[in-house]
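Peer 1: Throw the hints in and build the complete structure from the sequences for me.
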Amino acid sequence: MTSTATSLTRTIQAPGVPNVPREAFSRARVLIVGDVMLDRYWFGDVNRISPEAPVPVVHVKRNEERLGGAANVALGATSLGAQAGLLCVLGEDEPAERIVDMLDASGVTAFVTRDADLATTIKLRIVSRQQQLLRIDFENQPAREVLLAVLDQYRQLLASYDVVLLSDYAKGGLTHVQPMIEAARAAGKAVLVDPKGNDYERYRGATILTPNRAELQQVVGVWHSEDDLSSRAQNLRESLGLEALLLTRSEEGMTLFTENGALHVPAQAREVYDVSGAGDTVIATLATSLSAGLPLPQAVVLANRAGSIVVGKLGTATVDYNELFSELT
Numbered sequence: 001m002t003s004t005a006t007s008l009t010r011t012i013q014a015p016g017v018p019n020v021p022r023e024a025f026s027r028a029r030v031l032i033v034g035d036v037m038l039d040r041y042w043f044g045d046v047n048r049i050s051p052e053a054p055v056p057v058v059h060v061k062r063n064e065e066r067l068g069g070a071a072n073v074a075l076g077a078t079s080l081g082a083q084a085g086l087l088c089v090l091g092e093d094e095p096a097e098r099i100v101d102m103l104d105a106s107g108v109t110a111f112v113t114r115d116a117d118l119a120t121t122i123k124l125r126i127v128s129r130q131q132q133l134l135r136i137d138f139e140n141q142p143a144r145e146v147l148l149a150v151l152d153q154y155r156q157l158l159a160s161y162d163v164v165l166l167s168d169y170a171k172g173g174l175t176h177v178q179p180m181i182e183a184a185r186a187a188g189k190a191v192l193v194d195p196k197g198n199d200y201e202r203y204r205g206a207t208i209l210t211p212n213r214a215e216l217q218q219v220v221g222v223w224h225s226e227d228d229l230s231s232r233a234q235n236l237r238e239s240l241g242l243e244a245l246l247l248t249r250s251e252e253g254m255t256l257f258t259e260n261g262a263l264h265v266p267a268q269a270r271e272v273y274d275v276s277g278a279g280d281t282v283i284a285t286l287a288t289s290l291s292a293g294l295p296l297p298q299a300v301v302l303a304n305r306a307g308s309i310v311v312g313k314l315g316t317a318t319v320d321y322n323e324l325f326s327e328l329t
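Each residue of the sequence shown is one higher than the last, beginning at 1 in the UniProt record's numbering.
Take these hints with a grain of salt, some might be off.
Claimed, not checked - Restricting the straight-line Cα-Cα distance to at most 30 Å, the calculated cross-link-like pairs of lysine-lysine (DSSO-like) are:
{"#": "1", "residue 1": "LYS313", "residue 2": "LYS123"}
{"#": "2", "residue 1": "LYS61", "residue 2": "LYS123"}
{"#": "3", "residue 1": "LYS313", "residue 2": "LYS61"}
{"#": "4", "residue 1": "LYS196", "residue 2": "LYS123"}
{"#": "5", "residue 1": "LYS61", "residue 2": "LYS196"}
These aren't lab readings, by the way, just hints derived from the structure by calculation.
Peer 2: Structure follows, in structure tokens:
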């Protein structure tokens with residue numbers, strides 16, 4: 001084995017959790033681009049089975065609406081104290097109006113383009129006794145002309161931000177992801193991508209990709225050992241020209257692959273209620289930490305900590321600065 005291959009497969013010791021001043025996060029400037037949706041929750045009780053079909057009857061008692069997709073990522077960055085901009089396409093419908101109102105109240109700076117032919121994406125979840133029973137999705141794709149207009153606006157916004165975060169939910173908002181990556185890198189900005197699908201060639205040249213286990217397996221296949229995983233992940237990282245690949249592994253924590261080797265951060269033991277939006281929290285924390293000037297290994301440790309906190313919450317949620325650092329002060 002060559003010395004280069006050895007360095008790519010060796011394990012790096014994870015640093016401790018850094019205690020970052022609030023002021024450092026407040027200086028962070030993150031531009032989030034991607035698919036925005038409205039997460040709706042209907043909460044109720046199940047006391048009987050329907051006589052019409054063998055399905056539970058839910059007596060809805062209350063409902064909630066939360067920002068979803070890239071909007072939840074932006075909200076996660078602002079919850080940590082960062083200056084977050086969100087560039088997105090929405091329809092001209094009632095869900096879009098709710099999203100705009102919620103963004104206005106959140107502290108996120110929203111750059112919204114409207115498409116009259118687009119039905120704003122809604123994820124409706126029906127929940128009983130802290131368990132999700134059903135999810136119903138309403139969605140379609142934005143028009144090409146709208147996406148091109150967003151691309152022009154994106155290039156104009158780059159100078160105002162330190163880090164670019166592309167949140168891909170395969171809803172059409174990142175149709176032009178490759179020119180977005182190229183423009184950001186040409187402007188000297190780090191580009192973080194939460195990927196979707198099995199065509200990672202479209203993310204070539206990004207700084208960091210953050211797939212979960214299932215997403216990475218779609219691209220590199222099933223690994224049979226840690227060495228096998230390292231080999232497959234590092235080959236992918238090199239072939240795409242990435243600086244790093246961060247694999248989120250649920251109860252196994254996360255592993256960062258760079259040219260120096262693999263850095264594994266174990267999961268923090270917490271009771272898991274809901275993994276909805278956990279990936280949003282991880283990448284939002286990572287982007288905010290990098291924009292605040294933290295080295296990548298420390299940023300990964302903080303992202304892991306944030307992810308372990310948010311899975312203890314029901315539904316799409318965020319982690320704020322006080323929660324992230326509560327046990328360190």
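Peer 1: Confirm or reject each hint.
Peer 2: Hints, one by one, checked against the model:
At most 30 Å may separate the alpha-carbon atoms for a hinted pair to count; LYS313 and LYS123 meet this at roughly 18 Å. Under the criterion of a C-alpha separation no larger than 30 Å, the hint pairing LYS61 with LYS123 is consistent with the structure, at around 19 Å. Only pairs whose Cα atoms come within 30 Å are accepted, and LYS313 paired with LYS61 is accepted, the gap being roughly 20 Å. A C-alpha spacing of about 17 Å is found between LYS196 and LYS123, which places the hinted pair at or below 30 Å, so the restraint holds.
For a cut-off of 30 Å, the pair hint linking LYS61 to LYS196 is broken: about 35 Å separates their Cα positions.
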